[in-house]
Amino acid sequence: MLEIKNLTHFIGQKKILENVNLSLNEGSVMGLVGINGAGKTTLLRLISGVYTATEGEFLCDGESLTEEGARGKIFFLPDDPYYTIHTTGRSLYQMYKVFYPKMDYEVFDRYMTEFDLDEKKPIRNFSKGMRRQLYVALALAVRPKYLLLDEAFDGLDPLARLAFKKAINKAVEEDGTGVIISSHSLRELEDFCDCYALIDKMTVASSGDIAERVDRYCKFQLAFTNEISDAMFSALPVVSLERNGRFVRIVLEGQQAQMKSMLEALNPAVIEQMPMDFEEMFIHEVEGRGYLK
Amino acid sequence: MKTFGRYLLYRLENSALRTVVFTIISVIITQNTISDCIDHGAVEYNSTGLYILATILGIICTVIPILETMCFKNRRNLDTLYFFPIKRWKMATVHFLSGFIQILFIYSVTFFIAYGYLAANTDYFALGYMPLYYLFSILLGFVMYSFFSFIFGQANTVADGVVMCILWMFVLSIVSAVITGKVVIPYLAAKDRESVIDLSGWGIAYAPINNLTVIFQDIIEVNKDALEYNSQARYAARYISQMYMFFVWGAIGIASAVGYVVAFVKKGAEKAGEISSSLFGYKLLIPIYGYSLLMLFDWLEFDSLDFMVVLIFIAMVIGYIIYRRSFRLKASDLIFTGCGVIAMILGAMF
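Protein chains in written order, with the numbering used here: chain A, 1 to 293; chain R, 1 to 350.
Hints may contain errors.
[What the hints assert, rightly or not] Computed footprint of chain R on chain A, listed as stretches where at least three residues anywhere in the stretch have a Cβ under 8 angstroms from a Cβ of chain R:
| id | region |
| --- | --- |
| 1 | 80 to 90 |
| 2 | 98 to 104 |
[As the list claims (entries may be wrong)] A few chain A residues that don't get close to chain R, going by computed Cβ distances all over 12 angstroms:
| id | residue |
| --- | --- |
| 3 | Asn25 |
| 4 | Lys201 |
| 5 | Ala265 |
[Said to hold, decoys possible] Derived DSSO-like pairs (lysine-lysine); straight-line CA-CA distance at most 27 angstroms:
| id | chain 1 | residue 1 | chain 2 | residue 2 |
| --- | --- | --- | --- | --- |
| 6 | A | Lys73 | R | Lys283 |
| 7 | A | Lys166 | A | Lys201 |
| 8 | R | Lys330 | R | Lys267 |
| 9 | A | Lys15 | R | Lys271 |
| 10 | A | Lys14 | R | Lys271 |
| 11 | A | Lys102 | R | Lys266 |
| 12 | R | Lys90 | A | Lys102 |
| 13 | R | Lys271 | A | Lys5 |
| 14 | R | Lys266 | A | Lys5 |
| 15 | A | Lys128 | A | Lys165 |
| 16 | R | Lys266 | A | Lys128 |
| 17 | A | Lys15 | R | Lys2 |
| 18 | A | Lys97 | R | Lys283 |
| 19 | R | Lys283 | A | Lys14 |
| 20 | A | Lys97 | R | Lys330 |
| 21 | R | Lys330 | A | Lys73 |
| 22 | A | Lys201 | R | Lys271 |
| 23 | R | Lys266 | A | Lys73 |
| 24 | A | Lys5 | R | Lys283 |
| 25 | R | Lys2 | A | Lys145 |
| 26 | A | Lys15 | R | Lys87 |
| 27 | A | Lys166 | A | Lys73 |
| 28 | R | Lys267 | A | Lys15 |
| 29 | A | Lys145 | R | Lys87 |
| 30 | R | Lys2 | A | Lys14 |
| 31 | R | Lys191 | A | Lys128 |
| 32 | R | Lys271 | A | Lys120 |
Everything labelled a hint here was simulated from the structure, so no lab data went into it.
As the structure is a computational prediction, the values presented were derived from the model and not from experiment.
Note that the Cβ used here is the ideal one computed from N, Cα and C, for glycine as well.
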């Protein structure tokens, strides 16, 4: 298990993260979400050891991540990884091999072939998506126990996203790799992740199982025959309300059956339950915290 | 082999091409210079061309620390380099050792080819002292390399690092020249002693290797003075009193190397690409150069020194504005500028 305990971090005089506590199980995929500047990348940099935390502890299977042995179990794929004008896939493989002696060339080669990338070509000529695929091939060849991916889907075309997700899923299923993935593509995360952590106001504002969290909300579309007002809904646990004449679209926090019966008590002519997804849940959560209004 | 060893080997392999290119250039320059000296008749011309070896050592000890650690000045690079499972101090040490091994290789190949060439083509130099020069120069090379590694390591950007290295090269040059001209020489003249202490060259970072080379040129290039001493060994022995300086330089070299590693470990990746705020950077250099300029004007008996104090003060403030990339200076900048001005006024008074 990857654990973050009581993490607080300052950059200069500015507090970036405060009292963050988080854990990730093996074989689990966590979506790290939050608005721009929330501290997602900083958190990944802190876990991976790029930044040194001002306070707090990182444990990998009970061992401190300050130890080389524990650090060897994680792999961080930043948003825009390092390369020079001479860097090739091959030269990167050689560099990573220095630090991960058990790195598997066959796995690297297999993914390079699958992604249709030439390991001898300088990667300066690669698109951002191709570079990301190359680094994913490196990450999977390392066979890390925990994989940290920053802005994972950024720059990938739909086909590349599919290949990328397939490769990561394979690592999760076959090796039990635990993955933390930060992204703004929440629809992608919903397909891909089983849990999430929302970073807001310098800390983990909410976290847990994505499906469970989404199920806490329910969305309905209503139509009324009579004139209506917002006050009619004031007794309900409203998360969001959109009213257009006699038509209402409402998101409520609570059990679906209970919410439905509460709405039916308002005598709508039509009541229809609509699917709720992770992105909507995220928007409602951050709206509830005072953003986007 | 452990990660440390593997990484060191990787660094050396990775810089092999650069090392070979530097070596070839160094050998060509050295050979041209030495053969030129010999062609002009070394005895009359009285030169082994030893200074070219010192110059090459000085250049590589300045350039290689920059090339070896410039990758740490870019935050994007650090995202990759710092997550590798190796302790930060080991990573710093690997880069330090790798750079020094490159210097050893370039300098040693250049030196021994030059030595062989001199031995094969001349018989009028005391070349037996060349290996001794090699050992001492390597020690001073280590000092220069450590010093520039430390200074470059203080910067957060490559450009700041290069500027800081250049400023530190000559940091006390004016001060030492002025002290020599204003204090030492008049004092010795008053005591009716011939001036033998010349501090004017000691303010630059290359002073130790320059001094060593002057001494060894004197010893190796046999001349009348040596003959008067009856033997080259006795002639060389007169320099023994200066050897204590090697302990001083050695201590500076070790302190710089330790300082480089400590700063590397302590400096957060967050600082890469930011304004360089080290105490050994502009904060200190701006007042030192301000004070040095005033000393120079004072020594040259420049008219209207008060006006110069104001001008230098303004120049220092501009220096801080350039350093901060902002008109909003920090309190520490004003304190350092104030210290510089007080030093200027005190210097002008005495």
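Quiz item: Taking only the CA atoms, is the gap from Lys266(R) to Lys73(A) under or equal to 27 angstroms?
Solution: This hinted pair holds, its Cα atoms lying about 24 angstroms apart.
Exercise. Measure nothing beyond the straight line between the CA atoms of Lys97(A) and Lys283(R); if it is 27 angstroms or shorter, mark the hint as holding.
Key: violated, 41 angstroms
Exercise. Starting from Lys2(R), check that the Cα of Lys14(A) is at most 27 angstroms away, please.
Key: violated, 38 angstroms
Practice problem: Assess, step by step, whether the Cα of Lys15(A) is no farther than 27 angstroms from the Cα of Lys271(R), and give holds or violated. | Solution: Distance of about 15 angstroms is within 27 angstroms: holds.
Quiz item: Given the proposed pairing of Lys14(A) with Lys271(R), does the C-alpha separation stay at or below 27 angstroms?
Solution: Holds - the C-alpha atoms of Lys271(R) and Lys14(A) are around 13 angstroms apart, at most 27 angstroms.
Exercise. Take the C-alpha atoms of Lys201(A) and Lys271(R), compute the straight-line distance between them, and say whether it is at most 27 angstroms.
Key: It holds: about 23 angstroms lies between the C-alpha atoms, which stays within 27 angstroms.
Quiz item: Within 27 angstroms, alpha carbon to alpha carbon, are Lys266(R) and Lys5(A)?
Solution: holds, 22 angstroms
Quiz item: If you draw a straight line from the CA of Lys283(R) to the CA of Lys14(A), is it 27 angstroms or shorter?
Solution: holds, 23 angstroms
Quiz item: Given the hinted pair Lys90(R) and Lys102(A), is their alpha-carbon gap at most 27 angstroms?
Solution: holds, 20 angstroms
Quiz item: Going straight from one Cα to the other, do Lys330(R) and Lys73(A) come out at no more than 27 angstroms?
Solution: violated, 43 angstroms
Quiz item: Between Lys166(A) and Lys73(A), is the straight-line Cα distance small enough, at 27 angstroms or below?
Solution: Holds. Lys166(A) to Lys73(A) sits at ~21 angstroms (cutoff 27 angstroms).
Practice problem: Verify that the Cβ of Asn25(A) lies farther than 12 angstroms from every Cβ atom of chain R, and report whether the claim holds or is violated. | Solution: The claim stands: Asn25(A) keeps its Cβ more than 12 angstroms from every Cβ of chain R (closest is about 21 angstroms).
Going through the hint list in order, the structure does not satisfy hints 6, 7, 11, 16, 17, 18, 20, 21, 24, 30, 31, 32.
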